[in-house]
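> So the chains spell out like this:
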Amino acid sequence: MRLINRPLAALLSIALITVGVLIIVEVAADRIVNHPALIHWHRVYDWAERTSWTQGSVRVGSIVIVILGVILLLAQLRRGKPQRLPIDSDVTDAAYTRRGVAATIRGAVNDVDGINHSTVTVKRRKITVRATTAGRQPYTAQSLHEAAAQAARHRLDTLALSPAPTLAVRVTTRRR
Amino acid sequence: MHADRTNRAMLVLFAVLLIAVGLMGAMTSFGAFGGLVERAHLFANPVSVYVGHHGGWLWPVTAAAGLVMAVLALRWLAVLLFSTDRAGDIRLPGDHSAGRTTLLGAALIDAITEEIRAYPGVHSAKARLIGDATSPDLVIETTLELSADLSALRQRIETNAVAHARQALDNPNLPVILDLTVNDRHARRLS
Chain A
1 MRLINRPLAA LLSIALITVG VLIIVEVAAD RIVNHPALIH WHRVYDWAER TSWTQGSVRV
61 GSIVIVILGV ILLLAQLRRG KPQRLPIDSD VTDAAYTRRG VAATIRGAVN DVDGINHSTV
121 TVKRRKITVR ATTAGRQPYT AQSLHEAAAQ AARHRLDTLA LSPAPTLAVR VTTRRR
Chain B
177 MHADRTNRAM LVLFAVLLIA VGLMGAMTSF GAFGGLVERA HLFANPVSVY VGHHGGWLWP
237 VTAAAGLVMA VLALRWLAVL LFSTDRAGDI RLPGDHSAGR TTLLGAALID AITEEIRAYP
297 GVHSAKARLI GDATSPDLVI ETTLELSADL SALRQRIETN AVAHARQALD NPNLPVILDL
357 TVNDRHARRL S
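If you read the protein sequences in the order shown, they are chains A and B.
Residues 1 to 176 in this note's numbering are what the first sequence spells out, letter by letter.
Residues 177 to 367 in this note's numbering are what the second sequence spells out, letter by letter.
Keep in mind the hints are simulated off the structure, nothing from the lab.
Watch out, some of these pointers could steer you wrong.
[Unchecked claim] Covered by chain A, according to a simulated footprint, are these stretches of chain B (three or more residues, beta-carbon under 8 angstroms):
1. 204-218
2. 226-239
3. 242-255
4. 259-265
5. 275-288
6. 292-306
7. 321-330
[Stated by the list, open to error] In the DMTMM-like style, the derived pairs of lysine to aspartate or glutamate whose C-alpha atoms are separated by at most 20 angstroms in a straight line are:
8. 81(A) / 180(B)
9. 123(A) / 88(A)
10. 302(B) / 261(B)
11. 302(B) / 93(A)
12. 123(A) / 355(B)
13. 81(A) / 355(B)
14. 302(B) / 214(B)
This one's a predicted model, so the numbers in the text were calculated from it and none came from an experiment.
All C-beta atoms, glycine included, are put in the ideal place defined by N, C-alpha and C.
Using the sequences and the hints given, assemble the complete structure.
Here it is in structure tokens:
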């Protein structure tokens with residue numbers, strides 16, 4: 001979100017500067033030469049004088065403005081995926097990155113004999129592991145679930161995350 | 177970038193303003209304020225009438241407000257484009273009667289990262305001093321090998337490298353942000 005916010009913020013600040021300067025220039029021009037300097041605001045004034053609130057363009061414009069505002073507000077208030085997961089430490093403000101947590105748990109699960117592939121999703125309060133077995137006896141999903149869950153749990157415990165997220169492990173047998 | 181909070185606050189404010197303006201327009205347009213208002217023209221409202229009657233002093237005040245807004249927005253843009261949150265060189269505290277001691281930020285960073293990189297199990301390390309030069313924060317970003325004992329390595333970084341940095345800055349309470357990530361590229365290639 002920060003990467004999107006930066007260009008948006010730059011655009012907004014440029015727009016504010018432009019509007020501020022335009023107001024100053026137009027007010028000054030009206031006082032000094034009694035004539036618009038950059039924007040023919042008399043036309044805008046005339047348009048507003050003869051346009052009623054029930055006109056379609058006014059309604060559509062208002063609704064579009066509301067929709068844009070709601071989209072922007074929701075985007076700003078939405079809590080994204082955590083960038084860092086804090087560690088219980090008295091010495092520093094230590095944390096594992098989300099990618100780091102996913103990598104280490106994925107490594108632990110992939111080390112289990114019979115696990116072919118795994119993906120790890122890390123959210124603020126929950127870590128989900130989806131592992132796939134090699135698909136041949138005796139490496140079936142049912143037989144490897146406990147081992148995969150234990151490996152993931154053990155690795156998660158060693159990370160000492162605070163608060164510790166819950167862990168969900170799902171193992172499926174690979175289809176041939 | 178330390179303008180991130182400002183960016184978010186300003187964008188939230190702008191979104192609320194858009195919603196308020198749009199809602200007012202839509203409600204008026206759909207007759208929420210009565211049929212008379214609904215059928216009126218855009219400038220036929222009390223606010224426009226007030227502006228029309230008091231334009232003599234209202235427009236100069238609006239221009240002054242525009243100036244304030246433009247200056248604040250220019251400052252915001254300058255922070256966005258040109259500022260950095262990095263602290264410069266650090267003046268060490270203590271008795272200054274015989275002169276001041278300045279610690280080069282880059283020298284400290286080099287020493288910390290070299291020390292951390294030398295630990296077995298560390299793939300890479302970066303560090304920077306942020307904030308005010310008189311009370312900086314140290315940020316360390318370290319990538320550890322997947323096969324390493326992550327907990328032991330973290331403790332080693334905290335008890336050795338971080339302690340040395342605090343000692344060098346003569347600040348036992350130096351705030352330290354330690355970000356750890358794990359490198360699993362090698363493991364992925366093997367699997």
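> So, for every hint listed, does it hold in this structure?
Structure-based check of each hint:
Requiring three or more residues with a Cβ within less than 8 angstroms of a Cβ of chain A, the coverage given for the stretch 204-218 of chain B holds, as 9 such residues are present. With 4 residues bearing a CB less than 8 angstroms from a CB of chain A, the stretch 226-239 of chain B meets the requirement of three and the coverage assertion stands. Check on the stretch 242-255 of chain B: 11 of its residues sit with their Cβ under 8 angstroms from a Cβ of chain A, so the three-residue criterion for coverage holds. Restraint check on the stretch 259-265 of chain B versus chain A: 0 residues with Cβ-Cβ distances below 8 angstroms, three needed, restraint violated.
For the stretch 275-288 of chain B, the proposed coverage by chain A is not satisfied: 0 residues have a C-beta within less than 8 angstroms of a C-beta in that chain, short of the threshold of three. Residue count for the stretch 292-306 of chain B with a Cβ under 8 angstroms from a Cβ of chain A: 0. That is fewer than the three needed, and the coverage hint is violated. With a threshold of 8 angstroms between beta carbons, the proposed coverage of the stretch 321-330 of chain B by chain A holds, since 4 of its residues qualify and at least three are required. As the CA atoms of residue 81(A) and residue 180(B) are separated by approximately 17 angstroms, the hinted pair is consistent with the 20 angstroms bound.
For the hint pairing residue 123(A) with residue 88(A), the CA-to-CA distance comes to about 18 angstroms; that is within 20 angstroms, so the pair holds. Taking the CA atoms of residue 302(B) and residue 261(B), the gap is about 16 angstroms. The hint holds against a cut of 20 angstroms. With a C-alpha separation of about 16 angstroms, the suggested pairing of residue 302(B) with residue 93(A) holds against the 20 angstroms cut-off. Restraint check for residue 123(A) and residue 355(B): satisfied, since their Cα atoms lie roughly 17 angstroms apart, inside the 20 angstroms limit.
Distance restraint check for residue 81(A) and residue 355(B): the Cα-Cα separation of roughly 16 angstroms lies within the 20 angstroms cut-off, and the hinted pair is therefore satisfied. Proposed proximity of residue 302(B) and residue 214(B) is contradicted: the alpha carbons are some 62 angstroms apart, above 20 angstroms.
Violated hints, listed in ascending order, are 4, 5, 6 and 14; each of the other numbered hints is respected by the structure.
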